[in-house]
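J.: As a plain string of letters, each chain reads:
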Amino acid sequence: MRLPLLAALVACIFSWPSAAEDAALAPNPVPLPLFVEQTTSSGLSHSFTGEWEFIVGGGVASFDCNDDGKSDLFLAGGTSPSAFFLNQSPQGGDLKFVPQTSGLEMDMVTGAYPLDIDSDGIMDIVLLRVGENKVMRGLGECQFADAGKDWGFDGGDAWSTAFAATWEQGAQWPSIAIGNYIDRTQEAFPWGSCTDNWLHRAGPESFDPPLPLKPSHCALSILFTDWNRSGTPALRVSNDREYYKGGEEQLWQLKPGQPPRLYSAEDGWARLRIWGMGIASRDITGDGLPDYFLTSMADSKFQTLPNGPQTPAYSDIAWSKGLTAHSPYMGEDKRPSTGWHAQFEDVNNDGLADLFVAKGNVWDMPDFAEADPNNLLMQKADGTFVEAGQTAGMASPDHAARGAALADFNLDGLVDLVVVNRNSPSQIWRNVTKDAGHWAQLQLAQPAPNPDAIGAWIEVRQGESLQRRENFLGGGHASGQAGWIHFGLGSNPEAEVRVIWPDGTIDPWRKIAPGFSQITKGEAIETWILKP
Amino acid sequence: MAISATALVVWTRPLAIQCFSAALIFDNDQVWNGPLDLEGHLMTVCFRWLRSALIVVATLSFSPAHAADPQQVLTQWYRLVLELVRHTPTYSPPVASRSFAYIGIAVWEVTASGTRGLQSLSGQLNAMPAPPARPEGSYDEAVVLQAALSAAVQDFFGNTGPTGQRAIAAMARTQHKIVVAGLAPDVVARSEAYGKAVAAHVVAWSAGDGGALVENMGFPYEYTLQDGPAHWVSTSAIRQQQVPLLPGWGKNRPLAMPSGASCPLPAPPDYSEDPASAFYAEAKEVLDVAAALTDEQKLIARFWSDDPMLSPTPPGHWISIALQILARDKAGIAASAEILARLGIAVSDSFIACWDSKYQYDLLRPVTYIRRLMDPAFQPLLITPPFPEYPSGHSTQSGAAAAVLTEFFGQDFAFTDATHVDDGLPARDYPSFDAAASEAALSRLYGGIHFRAAIDRGLDQGRCIGAYVAALKMKDD
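Those protein sequences? They're chains A and B, same order as listed.
The opening position of the first sequence corresponds to residue 1 in this note's numbering, with each subsequent residue numbered one higher.
The opening position of the second sequence corresponds to residue 533 in this note's numbering, with each subsequent residue numbered one higher.
By construction, these hints were calculated from the structure, which means they are not laboratory data.
If a hint is listed, it holds; no wrong ones were tucked in.
Pairwise CB distance ranges, derived in the manner of DEER restraints: (1) B:L825 <-> A:R461: 44 to 50 Å; (2) A:S315 <-> B:K1007: 54 to 60 Å; (3) B:A1002 <-> A:W52: 43 to 49 Å; (4) B:G780 <-> A:Q169: 58 to 64 Å; (5) B:E754 <-> A:K531: 55 to 61 Å; (6) A:D157 <-> B:D954: 22 to 28 Å; (7) A:S193 <-> B:N658: 37 to 43 Å; (8) A:S315 <-> B:G690: 33 to 39 Å; (9) B:T826 <-> A:L211: 34 to 40 Å; (10) A:G308 <-> B:L825: 23 to 29 Å.
Straight-line C-alpha distance at most 30 Å; calculated DSS-like pairs for lysine-lysine: (11) B:K728 <-> B:K1005; (12) B:K830 <-> A:K214; (13) B:K862 <-> B:K709; (14) A:K434 <-> A:K511; (15) B:K1005 <-> B:K862; (16) B:K830 <-> A:K245; (17) B:K728 <-> B:K862; (18) A:K334 <-> B:K783; (19) B:K728 <-> B:K709; (20) A:K434 <-> A:K380; (21) B:K862 <-> A:K245; (22) A:K521 <-> A:K255.
Note that CB positions come from ideal geometry on N, CA and C, so glycine has one too.
So that you can see chain A by itself, here it is in the shape it has in the complex:
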């Protein structure tokens, strides 16, 4: 590990930023992000494999299932068995993962999202599959068992590619949305054969039968999100225009006890038709509303509401923000890019959320880049972004990335990165950014139901600076995570936090210390320290 680290540091010193970027960053010097690949040394050995039915998918779930505070990993395998890895990384040290039989080993898995479905305090997990989806009950100590029958969950038989979960107001059980792709039995004319997405709504003690969300347009990413801060999340759906006819991006209104209703042009919904593949969300513009980054091919969108939350009339400001992942930024291959998982996280702890985009060719598409590097778009003080993937060391252009997760695997306050590649080994990088800023990582808890407070908003204030993020479960590309919620604090260690809980309860502003904090509704904030 030492040689790659040294090489990366040398690259950092001499190669980043470029002349043009240097000029852009000069007034506001920021810590330069740096990642070191530790795939082999960490023990994370796994591949997502498959042909046509696995051109999409390839997800990873990051979550703690043995209560040690460290995020363990579950990786989808496609035609290969999926795999679970226990996180044994020492705090502040190199990454270390150990494969462990968990009950989650099965084939045809496209993606996974962790969720405490039965609110028993033990994390469960939902597996998306080509075939029957599975809800797996956490038994403790990272063991799982199929709970479909017990929970009344009809896994169906489809090509499932997207997931989102929420707790509707008053519900004792989560509502789960599953995004489905095309009818895989159609060979010569698969176009226009998008199968229905499903809404598994909460019943009294289990799930109701799945409700088809008509029309469905081949979703590759879905997300329950409170787009207008009304207190009631809606379902944002990003669809792949390759296969739908008459389709577009979608936003479903979900009011408790009422059937889902699709927002339309009459509501102000602006029609958008892209190769939608992944959703990332964060309030980047600082208007108090979630913004959405959408991955696609040769293009990407960054959607904001310039006229406020009254109507879902989104504008695309990707280009003006520098939030584009349209073509490779390094190497000789200049063909258009293909974007998949996207996630906002502050990788250098400067107090500004950055954007990671996983990239990779669909499958021998000659008009798109084969050598397609992952993006790491660093936010600058002026709110625009600049590419840093090459010098940060996680570009990995020779692999076709799909799903990913950014999480602090070694609890050193720096967000690390795991990426699932199609038909080649998954990769993991340790974040070794030097001179990174202060940080706070928070964990929310509240009494059942919804013990992890899915749907809460967390706000961190430092003087005039205010960061907001929604505690959602969904989006990305077939990849979900639970656990520490990360905020970079920059050079100022002092910060205040406020949680707006899913039921609308608003906490007062309270000071938090840098480091790990557990915030339980109605209780004092507790500092968390890794048990020896």
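We have chain A already, so just place chain B on it with the hints.
T.: Just chain B now, kept in the frame of chain A:
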């Protein structure tokens, strides 16, 4: 296989009369590739004919009846081609038009070579070499066509994605199974070899026209915009579209017209920001129309929007119209092949001519002018395409398509267009091809993406191209 039925008729009638009649009947439908000379070698012909008939009857005794219809082969492959155009990322309208042309020509060449009274387009289309001759022997026209289409589609859509590749393979497999059923292996082999040879011939010829290689989805990696307020600037927030699409397409080798500049247009109204100018008036018309769009006008704009990646594109829309009419009227393979070839050539030459004019005048789009001078918040109904404005490509190619179809089917030929029913847009009825072309052209005004001059003169340009295509001689006198 027409020869099978004919052979059975021959078998039941007095030999001399039937031999002569059968030869005539046979010659009307299928060219015999042996030494046919009715005047000098009637007996030889009769002998060979009877031998063939006997072979066929013998074959029928041991094989299932063969009923593959070339028309069905054509219909299935074109259905797939329309989907592939929609789902292949490089397939902007100009690129799509080119493939429609060459695939149509390949279909025509295999059909004409097997049908008496039809002529090759070689010698009429620019730089097109003579197609391969049919080696002596029996052919099955459905197998020939299947082989030609399979090879041509695989080539022209070789860059489509994994789902398209899977679909092409499935179509080839399915159609092959259908057409070869009951046929003698040597007939299948000979027919397939010939179909592939014609496809290869057309593909090789097409490679030198300037349009075979499309990089970065048609957007140049380097391009310098012209200075000046009249000239095109990007109207898109997509980074790839900050430069215009396919700026060199107008220099491609056309098919029926001599060059891309063969159907020139007068200049658009002089650029002016003076409210009293003709140019300002054209922009004002776009703004006013957009402000008062009726539901019907919105429907028209969307019906003819024909966006790449979301539809079969404008040229595919007209191919779809032709296919619907051919199916409705149960047209035979010869008529279908002629229409698809002429229409493909017309739309392909249209995009070359139109692009030649677009980059000659390099005019800005209405949205640019209107936001600059009239209404900063102007939002056209349709997404403004990423290339210069004058003339309207849809207008040019619709004018040409209507000219070709009118030439074939006649004036006041009513039809229903259900191209976009799958996308939720209802079918529309038209009293004539010209009416449909005019509506397609006007849809660009409703959509807020073209000025009036680009629409009217685009139609004129299309008619000019249509005349070149109409002059192609495809049948014997």
